[in-house]
Structure formats: structure tokens, C-alpha cells
Amino acid sequence: MKKIMEIQRDSKLTDAEKAIKRQELLTGKWMSQPDSNNDNGTKGTNGAGPSSAAATQEEDLMGDDTLKCAICMQLCERPVTAPCQHNFCLKCFQDLVAKAKKKACPSCRHEFGAKFAANPRVNTALISAIRAVKSGKKATTAKNFVRINNDDRPDEAFTTERAQRAGRANAASGRIMVNVPNDHFGPIPPEADPRGLGIRVGDCWKDRLDCRQWGAHFPHVAGIAGQSNVGAQSVVLSGGYEDDRDEGEWFLYTGSGGRDLSGNKRTSKVQSFNQDFTSMNQALKLSCERGLPVRVVRSHKEKRSAYAPTTEEPVRYDGIYRIVKCWRKKGAQGLLMCRYLFIRCDNEPAPWSSDDAGDRPRDLAKSLPKEALAEIKEAYNKDVYTMGCGKDKPYWDWNAEKEEWGWTRPPPESQRNGASVSGKGRKKVSEHEKALKEMTCGVCKEILKLPVSAPCGHNFCKSCLDLTFGGQEFEVDTGAATGRSLRIRKVVMPCPCCKSDLADFLRTAQVNRDLESMVAKLQKQVEADKAERIANGEEQEEKLEEEEKEEEDATQTSPSIKKKGRKATAATSVGASPKSALKKKKQQQQQQTPSILVPRVGIASRENEADRQAIAVALLCSDFPDFDVGLIEALVEQEEGDARAVKMALSRMKQQMVAEEKKKAKQDNGTQGAGGSSATAAAAAVVSPAVLATANGNTPGSGGAKANGAKGRTRSKSVSAAPQAEVDVAVAVGKSTSPRAKRAKK
Numbered sequence: 117m118k119k120i121m122e123i124q125r126d127s128k129l130t131d132a133e134k135a136i137k138r139q140e141l142l143t144g145k146w147m148s149q150p151d152s153n154n155d156n157g158t159k160g161t162n163g164a165g166p167s168s169a170a171a172t173q174e175e176d177l178m179g180d181d182t183l184k185c186a187i188c189m190q191l192c193e194r195p196v197t198a199p200c201q202h203n204f205c206l207k208c209f210q211d212l213v214a215k216a217k218k219k220a221c222p223s224c225r226h227e228f229g230a231k232f233a234a235n236p237r238v239n240t241a242l243i244s245a246i247r248a249v250k251s252g253k254k255a256t257t258a259k260n261f262v263r264i265n266n267d268d269r270p271d272e273a274f275t276t277e278r279a280q281r282a283g284r285a286n287a288a289s290g291r292i293m294v295n296v297p298n299d300h301f302g303p304i305p306p307e308a309d310p311r312g313l314g315i316r317v318g319d320c321w322k323d324r325l326d327c328r329q330w331g332a333h334f335p336h337v338a339g340i341a342g343q344s345n346v347g348a349q350s351v352v353l354s355g356g357y358e359d360d361r362d363e364g365e366w367f368l369y370t371g372s373g374g375r376d377l378s379g380n381k382r383t384s385k386v387q388s389f390n391q392d393f394t395s396m397n398q399a400l401k402l403s404c405e406r407g408l409p410v411r412v413v414r415s416h417k418e419k420r421s422a423y424a425p426t427t428e429e430p431v432r433y434d435g436i437y438r439i440v441k442c443w444r445k446k447g448a449q450g451l452l453m454c455r456y457l458f459i460r461c462d463n464e465p466a467p468w469s470s471d472d473a474g475d476r477p478r479d480l481a482k483s484l485p486k487e488a489l490a491e492i493k494e495a496y497n498k499d500v501y502t503m504g505c506g507k508d509k510p511y512w513d514w515n516a517e518k519e520e521w522g523w524t525r526p527p528p529e530s531q532r533n534g535a536s537v538s539g540k541g542r543k544k545v546s547e548h549e550k551a552l553k554e555m556t557c558g559v560c561k562e563i564l565k566l567p568v569s570a571p572c573g574h575n576f577c578k579s580c581l582d583l584t585f586g587g588q589e590f591e592v593d594t595g596a597a598t599g600r601s602l603r604i605r606k607v608v609m610p611c612p613c614c615k616s617d618l619a620d621f622l623r624t625a626q627v628n629r630d631l632e633s634m635v636a637k638l639q640k641q642v643e644a645d646k647a648e649r650i651a652n653g654e655e656q657e658e659k660l661e662e663e664e665k666e667e668e669d670a671t672q673t674s675p676s677i678k679k680k681g682r683k684a685t686a687a688t689s690v691g692a693s694p695k696s697a698l699k700k701k702k703q704q705q706q707q708q709t710p711s712i713l714v715p716r717v718g719i720a721s722r723e724n725e726a727d728r729q730a731i732a733v734a735l736l737c738s739d740f741p742d743f744d745v746g747l748i749e750a751l752v753e754q755e756e757g758d759a760r761a762v763k764m765a766l767s768r769m770k771q772q773m774v775a776e777e778k779k780k781a782k783q784d785n786g787t788q789g790a791g792g793s794s795a796t797a798a799a800a801a802v803v804s805p806a807v808l809a810t811a812n813g814n815t816p817g818s819g820g821a822k823a824n825g826a827k828g829r830t831r832s833k834s835v836s837a838a839p840q841a842e843v844d845v846a847v848a849v850g851k852s853t854s855p856r857a858k859r860a861k862k
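One point on numbering: in the numbering used here, the residue at position 337 of the sequence shown is 453, and numbering is uninterrupted.
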């Protein structure tokens, strides 16, 4: 819009020339026009060095439509991928949703869902790609390995026999990988990292225990790390309070306390009393007054923020912030809350930013957010604490000479010491390889092929989604069995990563061609970087280091483990079933490649059609062991690898077999019962008439008395008069099963 206004205000241009300029602006041709000053040598790629090269690189990016915003036609800032697979800046998308009556894509008129329009998620894969293209060929330098003196703990969190709950609910922390104390302020330097890189902005962990091991935030439950007499070192945005507000570069944070957590009320969200500047709140207040740096970690549990990480990368380090102001005000529940205004001040770009540089200084007196100023006006007793309110300068501030953020004076002293440095360097990884690792499918964990971007922010291969949700209907008529056709139930199709419902999105899911072209470009860049490393001889050194490490691991392996490995190999070689063959193939792949690089084998493995059918046959053989392997292979081949259809057919066959077995067993029982009755009749023919009369209730000479009383007395007499031998014959024939015969025997 700015360039269009400049064209309209230019009085030297005619209306026709203005129309041509506007058309070139919209089509992107204005970027590829040659500079008229190149003849003089004042501009161009050959004259200005790094600045002109950066400008040319920016122009190349702008000439590529894959990274443009569909609204402002500029390079995407904090890109958001819509269900129609078009990219937008987060700010442009929010303005469009707020102003437009019909929430639809301006390029294809595809309507956005209400859930996606209310809470869009930043596409971190595109951010890493933009950053990699901007940075070019920039590789990280190898550093020395750090040996930590805590070998009594394993590398990961562990549970003992005393654990009462599954998972990591009762897990103990593993070894701390960095050699910084718990009260360390500021970023984690490369010298303290065993990889020699330091904790970089955007590093992710699967949970808070792993985050603790790398020193970004040491408490694995509490959201604030600090001491009331020193200051706060780090905070975590996870769930939080309803008054919190997260805008990426700045956020409003609520202190701790004010909730009744007595007994078992850790999840209580009701405020019981006012918050005060004590304990951890005092630590945050002290960091505000002294201008100390605070590490900020975001968790996927922060549901109200567009900058929260996805469930695929649950915990993420977002850099250094400073607490500019803090105060107390009444919250949404009517009680006083401690409020803090955090503003980012890191030398590295934010995970949601496509810039290749960090934050710039700002005038805090004029550029405070409006939301924060509105709360400051409502501060309790007008008590507002400001950063640097004392005579001393902030500990962490902008250095104008170096043009970076850093310490203005020595940081607060720690009471603990680090470890010594020793060991070898690690493999160099280029920015293109890092960006390409972000372009992985959420199902098969491989590089994206025909990528599809879901509204929840996850990326998948088109074939993986087809295999996961193929054959399922979007709606099911639940009233068909009862004759009511109006009972239609929607089928929920959860995201494989975060369990968000993708049913509406899958109806019109399309391939993200922009992301596909970006993956292809990154793959070419990675191949070029690899060829350059081979030419420089760096690749051979890395291979030698890997071989030495493998030899060390092999020598440290215990004999019992080797013996188990030989037994497992022998067991897999004996069988000829597809399941054993698949297991043997998987073990061979794990032996050929390092364990870190082995992809997880799942239903959506996409090596080729034969492997997919072999996986389906192995799974079906484990579910239906009664059926022949050849039959299952024939059915899978007939159904073209559709495991769901084969499973349904085998289930029906199994039900039919069970029904036939029950029917046959019932017929056999009937035949045995008929033979037993004929034998009983033949034996009864030998029984004397007195016994038969006793069984019928009549005695010889009684004349068949009909009266009830006489009949009962006659029965008792006849039973007592019957000879014991005849009673034994009756018992042998089978009359002992009747109550009358049992009484006669007694």
C-alpha cells in the first residue's frame, strides 16, 4: 500500500504510467527491472559489497511468490498458512478477520473456519526456510565438548520401582548437560554447552524435564526460577492466568500465589487472596528494578497465544526479555494481581520472525504498548516500579558501539562453579540443513512430499493423510439401523500430532505448492553445501570422528548385550514369515545408520509399495494368527494394500468360523443325548412292575387311589416296601437324577 500511494503522489507520472507502475507492482516485475545506475558503477551487485548482496538476496526472495503475503504482497512476517494453503502475515490476517464481514481468503475466496480465524498459528517451518535463505551459507563453528561431573545420573529422566504413576509423573531428572549454576543469569553461552553451540533461540524439548537438563529453566514444575534477594533468571509461559496477554515481542505476565493449593488442589484456578511482592514475585520485581535479563520459555499448554509452540515441539526457548515495569491491579476475579511487562531484547531473531537480526532498542518512554499503559493507569495506589529506577544503569542493555545487547557490568555472582572443558568437536550443520529438518511430516517423520499444511500448524505428506484417514466417511447415518434417517453423526478425524479435528479441512485439503517448492530449493542448497564440504575435506574429518565414536561405543558394549543381540539375530533368521522378515530388515537399517537418524517405522512408511504391503501383512498376521500367511498376502494384494478392507474381511471370516464351530458342537451334543435316552429305555424294560409303579406314583393293590391324602400315604408305603435291589437297579438306569429316586436311595 505504501508503494501504491507513492506512485499516486508522483506528479511526474501520467495516469497511463501510474497504471503501468501499479500493474508491475502487483505482478512483481518491478523487482526484476535493471537499475539505471549500474552503468555508472554506483549501484548493483558488483559495487557495494555486503549491503548490495543482501539487497539482491532480498529482491530474489521478493521475486519468489512462495514467501509473499497474499494481502500486502510483501515478504511474510510471522507467516500463517490458511486451510487453502495461502500464506499471510499474522498482522495482515488478524486485520482481515477483524475488518472483513466475510472471513475468506482474498486470493481464492475460500472461507476460513471460525476456529482458525479466532486462533491462527504461526508456521514455524516457513520461518526457518526464510531465515535459511536470508542467511545463505553460514555454518556453525565446532566447539570443545564439556564433561559434566554428574555421571551418577543417566542422560534422560528416569523412574524407579517406587514410582506410583506411569510416564514421567514420578520421574527424576537426568544429568544436567550444561555447566552453569541454577542461579545463572542471561543466555547459556557456547562454553557451557557440550555441543559447543549454547542454547539457541528456537531450541525445543519434549517436556520440562529435558528443558531443565539444558539449563533454560531449571524448575520442572514452577513457572518462575529465581531468588527473592537476587532476582529471577527465567519464566515459563504455560497455561497461566486469564489476565495474561502474549504478543510475541512483549507480553503481560501475572505473578505467582493467590490460590489455595492446600491438600490436593494444584489445578485450582480460583483466586483466594491478593498477591504480594514476596518470594518469586519479589524476585521478578528485583529483576525489573536492576534490569536483569530473564530467559523466557513457552509451552504448548499456552492455549490463548498465537506464539505458543505446537505439540510436536512442546517446550521452546524464545530468548532474553527484560521486565520494564511492574505493578499491582485488580484482576478478572476482583483480587489484586502482580503484573509484569516483559519486552524482548535478544541478539537472535525470535522463532516467529523471518528477520535474520535480533531486536533493536526502543524508546521505552514513548513506545510502551497501549494495553500495558491502560493497566498502569489502574495500578493499585499508583505504585508502579520501573526498570532502572535507581542510580545504576540496567545490567542488560544495548551497546551502541558493538550494536548488540550485552552486559553493561559484571552479572551477579553465583555460589556454584562450572565444570572443565575437554573432548572433541561435533559435526557442523549449515542453516539449510537445520531448515530442512523442520520440513518433516508429522506422521512419517521424513522430508515432506506433496506437503499439506493443517489449520493447527502441523505439516503432513498428502499420502500420509490419505493412508491415515483413507476409507473413512465424513458423516455416518446412526439412525439407519432403527429406520430413522435423520440421525447424522459427524466423524471426528483427529490430527496425528495435536488431536485437533481435521474433518472439515480434509474435505477440501490441497497440496501447499509454495511449501513444496521451498523444500525443493532447500534440498538443492543442502546438496551444494555437502559438495562444498567434500571439496574442502571437512566431510572426511566428520566421517573419521563418527567411526572413532562407533568404535568406542562398540568396545564399551557388555558381553551380555552382545549375546542377546546374537540370539535375536538367530531368531529372526529362522522364521520365514513376513513379520520376522520385516523385523530383520528394521534391525539391519538400525545397524547401518546411527540411532538418531533412524526414522520411526509406522503405517505411513513411504519407502515403496512393496514395503507398505509387507508392513500391512505383518500387522494382520499378528492380529489374526489363525489364518494362513499366504491367504493374507493374497488378500492384501487383491485389495491393493488396503489394510482396513482386508482386516474387515478377515474379521467376517473369523466370525463365520466361530458360528460354524458352535453349530457343530450343538449338533454333537444332541446326538449324544439321543443315544443315552435309548439305553435308559432298554434298561428300564428289565425293571419289575413294582418299581415302575413306584415311579408312576401307584402301588400294587392300591387300586389307583385318587384322594390327595390317601395318595401321599400310599406313595410313602410303596417306596418303603420296594426291595433294595430294585432301587439299586433304578439308580443304575439313571433314575438317581430325580428327587424321588434320591429319597428312595436314602
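There could be a bad hint or two in this list.
In silico PhoX-like pairs for lysine-lysine, Cα to Cα no more than 25 Å straight-line [as the list claims (entries may be wrong)]:
#1 K553 x K518
#2 K231 x K640
#3 K561 x K550
#4 K561 x K498
#5 K482 x K493
#6 K231 x K498
#7 K417 x K637
#8 K615 x K637
#9 K231 x K518
#10 K493 x K215
#11 K561 x K578
#12 K207 x K417
#13 K482 x K207
#14 K137 x K119
#15 K637 x K578
#16 K578 x K446
#17 K553 x K565
#18 K445 x K493
#19 K446 x K493
#20 K231 x K118
#21 K509 x K498
#22 K217 x K207
#23 K482 x K385
#24 K119 x K215
#25 K553 x K486
#26 K231 x K606
#27 K219 x K207
#28 K498 x K518
#29 K565 x K498
#30 K763 x K606
#31 K118 x K137
#32 K322 x K493
#33 K565 x K640
#34 K219 x K231
#35 K215 x K486
#36 K782 x K763
#37 K646 x K606
#38 K550 x K578
#39 K322 x K417
#40 K763 x K778
Keep in mind the hints are simulated off the structure, nothing from the lab. Here the structure is a predicted model, which means the values were calculated and not measured.
Here is how each hint holds up against the structure:
1. K553 x K518: Distance of about 33 Å is beyond 25 Å: violated.
2. K231 x K640: It is violated: about 37 Å lies between the C-alpha atoms, which goes past 25 Å.
3. K561 x K550: Within the cut-off at roughly 15 Å; holds.
4. K561 x K498: 54 Å, violated
5. K482 x K493: Cα-Cα ~15 Å, so holds.
6. K231 x K498: Given pair K231, K498 is violated - Cα atoms ~39 Å apart, limit 25 Å.
7. K417 x K637: 34 Å, violated
8. K615 x K637: Measuring from Cα to Cα gives roughly 31 Å; hence the hint is violated.
9. K231 x K518: 45 Å, violated
10. K493 x K215: Not satisfied, since the Cα-Cα distance of roughly 29 Å exceeds 25 Å.
11. K561 x K578: 13 Å, holds
12. K207 x K417: 23 Å, holds
13. K482 x K207: 22 Å, holds
14. K137 x K119: 10 Å, holds
15. K637 x K578: Measuring from Cα to Cα gives roughly 19 Å; hence the hint holds.
16. K578 x K446: 50 Å, violated
17. K553 x K565: Holds. K553 to K565 sits at ~13 Å (cutoff 25 Å).
18. K445 x K493: 9 Å, holds
19. K446 x K493: At roughly 12 Å apart (the allowed maximum being 25 Å), K493 and K446 satisfy the hint.
20. K231 x K118: Violated: K231 and K118 sit about 32 Å apart, past 25 Å.
21. K509 x K498: 24 Å, holds
22. K217 x K207: 17 Å, holds
23. K482 x K385: Roughly 35 Å between the alpha carbons, so the hint for K482 and K385 is violated.
24. K119 x K215: 22 Å, holds
25. K553 x K486: With a Cα-Cα distance of about 39 Å, the restraint between K553 and K486 is violated, given a limit of 25 Å.
26. K231 x K606: 17 Å, holds
27. K219 x K207: With a Cα-Cα distance of about 15 Å, the restraint between K219 and K207 holds, given a limit of 25 Å.
28. K498 x K518: 38 Å, violated
29. K565 x K498: 58 Å, violated
30. K763 x K606: 24 Å, holds
31. K118 x K137: 13 Å, holds
32. K322 x K493: Answer violated: K322 to K493 is near 40 Å, above 25 Å.
33. K565 x K640: 15 Å, holds
34. K219 x K231: Judged against 25 Å, a Cα distance of about 12 Å means the pair holds.
35. K215 x K486: Answer holds: K215 to K486 is near 20 Å, not above 25 Å.
36. K782 x K763: 29 Å, violated
37. K646 x K606: 49 Å, violated
38. K550 x K578: Holds: K550 and K578 sit about 23 Å apart, inside 25 Å.
39. K322 x K417: Holds. K322 to K417 sits at ~12 Å (cutoff 25 Å).
40. K763 x K778: Measuring from Cα to Cα gives roughly 23 Å; hence the hint holds.
Consistency with the previously given hints fails for numbers 1, 2, 4, 6, 7, 8, 9, 10, 16, 20, 23, 25, 28, 29, 32, 36, 37, ordered from lowest to highest.
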